[in-house]
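Number of protein chains: 2
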Amino acid sequence: MNQYNQYKTMLQKAADINYASAVLQWDQETYMPENGASMRARQLATLAGYAHELSTDKHLGVLLNELIGDVKLDGQQQANIRHSLKDYKQRAKYPAAFVEEMSLAISKAFNSWHEAKTKNDFKLFQPDLEKLVDLKLREADLLGYKEHPYDALLDQYEHGLTVAQIKPLFADVRNQLVDFVKQITPMKVDSSFMHLHYPKNEQWDFGMKLLADMGYDFKAGRQDMSSHPFTTNFNSHDVRVTTRIDENNLHEMIWSTIHEGGHALYEQGLLLENYGLPMGEAVSLGIHESQSRLWENNVGRSLNYWKHYYPIIQKIFTSQLGNVDLNTFYKAMNEVKPSFIRTNADELTYHFHIMIRFEIEVQLMEQKVKVSELPELWNALYKEYLGIDVPSVSQGVLQDVHWSHGSLGYFPTYSIGSFYAAQFFASAKKQIPGLENQLATGNYSELLQWLRTNIHVHGKLYSADELCNRITGESLNFKYFMDYAKEKYLGMK
Amino acid sequence: MNQYNQYKTMLQKAADINYASAVLQWDQETYMPENGASMRARQLATLAGYAHELSTDKHLGVLLNELIGDVKLDGQQQANIRHSLKDYKQRAKYPAAFVEEMSLAISKAFNSWHEAKTKNDFKLFQPDLEKLVDLKLREADLLGYKEHPYDALLDQYEHGLTVAQIKPLFADVRNQLVDFVKQITPMKVDSSFMHLHYPKNEQWDFGMKLLADMGYDFKAGRQDMSSHPFTTNFNSHDVRVTTRIDENNLHEMIWSTIHEGGHALYEQGLLLENYGLPMGEAVSLGIHESQSRLWENNVGRSLNYWKHYYPIIQKIFTSQLGNVDLNTFYKAMNEVKPSFIRTNADELTYHFHIMIRFEIEVQLMEQKVKVSELPELWNALYKEYLGIDVPSVSQGVLQDVHWSHGSLGYFPTYSIGSFYAAQFFASAKKQIPGLENQLATGNYSELLQWLRTNIHVHGKLYSADELCNRITGESLNFKYFMDYAKEKYLGMK
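Protein chains in written order, with our numbering: chain E, 1 to 493; chain Z, 1 to 493.
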């Protein structure tokens with residue numbers, strides 16, 4: 001076997017293990033009986049051990065160092081090697097003792113976060129979060145960085161992203177979006193009908209139709225229920241989504257279904273022949289989120305979308321929606337209103353939630369704020385950007401699971417994703433003649449084809465920035481999101 | 001870590017991998033979208049590779065050889081070591097090249113069997129089956145045997161079972177059961193109501209009730225649908241069953257549910273503390289089958305059982321069963337009638353099907369019959385024992401998947417299981433005062449407790465024969481099955 005094939009075999013074997021773990025995790029979130037949890041944890045740990053062994057195997061390092069820059073390889077193969085070598089070098093920077101310490105700290109922090117949130121007592125979480133922040137500072141040192149320790153963390157989720165790049169984006173959010181939201185709120189809409197009783201089965205069937213219409217391939221995936229919606233994939237021919245249904249809140253199922261559907265279309269669009277290789281994987285979290293947000297916001301929250309679907313859903317829920325006209329429904333689906341909880345936020349104020357987390361994480365990594373001061377800082381920032389008084393730490397600084405997982409640097413990818421989505425969608429509108437009309441008639445095939453050709457099939461061949469420039473002619477620019485927001489919300493009747 | 005703990009760690013790690021595979025297989029049979037199959041196969045192959053590495057690890061061999069007979073170990077620990085060393089030695093007898101050759105031959109044979117069955121053409125399967133029989137002869141030589149090459153194969157499914165032991169059992173079947181069936185058939189019962197339309201949801205709910213009433217713990221398991229019913233377990237706190245529902249045949253769901261429920265109760269009754277160790281595993285296939293058959297036949301097909309459930313099911317399916325009395329229903333559920341297909345057979349003629357397969361397998365291993373002669377031999381034996389003319393090879397020699405899997409020696413465990421069940425049940429009736437009355441009122445807790453205490457908790461501590469002697473005071477004896485059959489069928493009105 002030649003060296004490239006040896007490399008490929010090793011990577012695909014690691015993929016087998018990682019995807020087997022993903023099946024076990026999917027099962028855990030969907031169908032596993034409650035007593036199955038304890039042994040499932042050790043089964044996952046054993047698989048993780050094998051995946052780690054494979055991905056840090058010395059022979060893999062030797063192969064990668066010999067293959068890097070090999071001109072006999074084609075462009076895709078060279079890109080695979082580049083990415084794999086970068087990943088390999090990153091992993092090699094972690095001493096085994098550090099990995100173990102981090103893993104223990106995360107497991108401890110996750111438990112104490114859960115208890116702290118339940119009991120509304122930040123102090124229960126504080127020491128474990130302090131430990132994690134300390135470990136994250138050490139991790140940044142291990143990984144190395146040019147300008148800012150936070151850059152080392154950002155890079156893990158969004159390769160190449162830096163504090164220096166994010167700051168101007170959030171400066172735009174602060175300077176333009178905060179004022180814009182003040183301008184358009186409070187919105188005049190009675191959205192109480194969104195919280196009538198919408199029976200589960202009818203919601204489920206409607207969501208399945210939305211997924212199928214988007215182009216989600218049910219021969220290569222399925223939808224199930226879980227307490228937190230997610231997308232997972234075991235290869236590009238088996239990409240699964242979950243949703244959550246609240247019978248008293250129509251938002252819940254609709255947005256989670258379209259959002260996860262967008263993630264899933266990306267995974268289904270990766271090429272099976274690149275299984276286990278970087279060319280068979282998504283570019284970054286930000287680009288992944290751009291796909292979910294494009295479908296959720298730019299498509300799903302548009303008037304065009306509901307021109308098609310409102311008559312359908314109105315017919316399903318006649319007693320709840322029979323007397324509500326399209327325009328009222330559309331406004332209710334898009335009500336902008338500052339709130340405490342990130343995951344329930346509208347598509348505009350959502351970014352204030354992210355900005356706050358970003359500012360806090362930067363300060364933590366600069367050691368300018370102590371963990372003990374976070375509740376106060378959190379509440380002050382919510383007052384400043386959203387104009388609201390946070391009622392409790394459970395609904396404030398403790399609301400998200402991310403920090404307890406040690407995932408500092410993750411949050412910004414959510415906003416980046418929305419901003420990429422707006423920029424991509426602006427290009428799609430220019431490049432696909434009649435797109436608006438297609439959307440208004442429930443026809444998404446050209447849009448999906450456009451996403452497939454421009455984004456999905458490439459895997460990691462281009463970086464996020466390269467991809468953005470290829471598609472839109474420029475790097476990420478907040479302007480497109482702002483233009484989208486203005487056109488939409490100022491145009492609302 | 002002391003040596004015993006090292007051994008335990010290694011075995012439990014192998015269990016993690018094997019149970020992870022089991023989750024992937026369960027998913028494959030229940031929820032996997034159709035395009036997921038190709039990559040799932042390679043993921044399973046990778047896991048199987050790791051499991052094989054672990055179970056043939058030289059260090060494991062060293063540990064086992066040092067621990068065997070270590071008097072500092074307690075009885076359970078010593079039994080674990082004994083079993084593991086036996087397994088280890090067995091595995092060591094297989095050269096890697098042979099394992100690979102067998103694996104390829106099975107994969108080829110499975111495909112050609114499937115095609116041959118579909119096309120009703122034995123010739124398509126014949127060369128691959130010839131290859132498999134040849135490999136099985138070599139396998140018997142590799143494993144070694146005292147009297148008969150078939151003994152080496154039997155031993156893999158039912159440790160210690162030999163041709164010399166089975167022959168007298170099937171001689172009894174031939175001498176006693178064949179005549180008995182002639183005596184009681186044709187039975188006078190119009191069972192056409194069993195094939196009316198029984199809607200799926202109501203059947204499902206009834207089956208779930210049967211499982212719950214048996215004592216199946218839904219916190220440590222779940223039921224799903226699959227095309228072939230099965231039981232699988234990922235540890236004793238996560239034991240899952242599947243069932244199949246035919247809306248035009250009430251037999252299908254009821255027998256598969258109770259049967260798999262019986263298997264599952266055994267697995268749920270194993271001790272979690274023995275996870276991954278022989279003491280946490282079932283004795284043998286025969287003893288496993290005894291649990292499913294005891295619930296299916298001795299309990300589920302009894303008049304007492306239906307004294308309790310018939311009023312319930314009659315109320316669910318009023319239009320189908322409203323005019324059918326208990327006795328007619330009971331007779332229909334127990335109709336004895338020679339037929340072609342093993343899996344649809346009644347509890348008596350079932351053993352003729354097994355006896356035929358046993359005789360054929362023995363002759364194959366004795367090289368007294370050629371594979372090409374099997375269809376003819378098959379049809380002749382069906383004529384002799386069941387008095388019927390087999391209409392086609394699809395409904396004859398090609399009906400079962402087992403041979404295409406290379407599973408020669410497996411079939412006898414089905415009959416052995418039923419005979420053990422009858423013998424165990426006879427003891428249970430003696431040892432549990434009022435058992436008949438409990439069964440007639442839907443109370444199975446004492447019976448389950450009896451099975452737990454006498455069989456389930458022990459894992460592999462006792463051999464099948466030891467267990468049988470401990471419980472019933474003698475070794476396996478066909479008499480109990482024959483007594484059961486006579487009492488039941490001669491007592492029918």
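One should not assume that every hint holds.
Identical chains share a label here; the pair holds if one copy fits it or two copies do between them.
Cross-link-like lysine-lysine pairs, in silico, DSSO-like; alpha carbons within 27 Å at most [what the hints assert, rightly or not]:
#1 K370 / K8
#2 K368 / K86
#3 K219 / K108
#4 K383 / K486
#5 K219 / K200
#6 K337 / K86
#7 K93 / K488
#8 K93 / K108
Rather than coming from a laboratory, the hints here were simulated on the basis of the structure. Predicted, not measured: the structure shown is a model, and the values here were computed from it.
Now for the hints, and whether the structure bears them out:
no., hint, result
1, K370 / K8, "neither (45 Å within a copy, 45 Å between copies)"
2, K368 / K86, "neither (31 Å within a copy, 63 Å between copies)"
3, K219 / K108, "between (40 Å within a copy, 26 Å between copies)"
4, K383 / K486, "within (24 Å within a copy, 84 Å between copies)"
5, K219 / K200, "both (24 Å within a copy, 24 Å between copies)"
6, K337 / K86, "neither (43 Å within a copy, 69 Å between copies)"
7, K93 / K488, "neither (47 Å within a copy, 73 Å between copies)"
8, K93 / K108, "within (24 Å within a copy, 46 Å between copies)"
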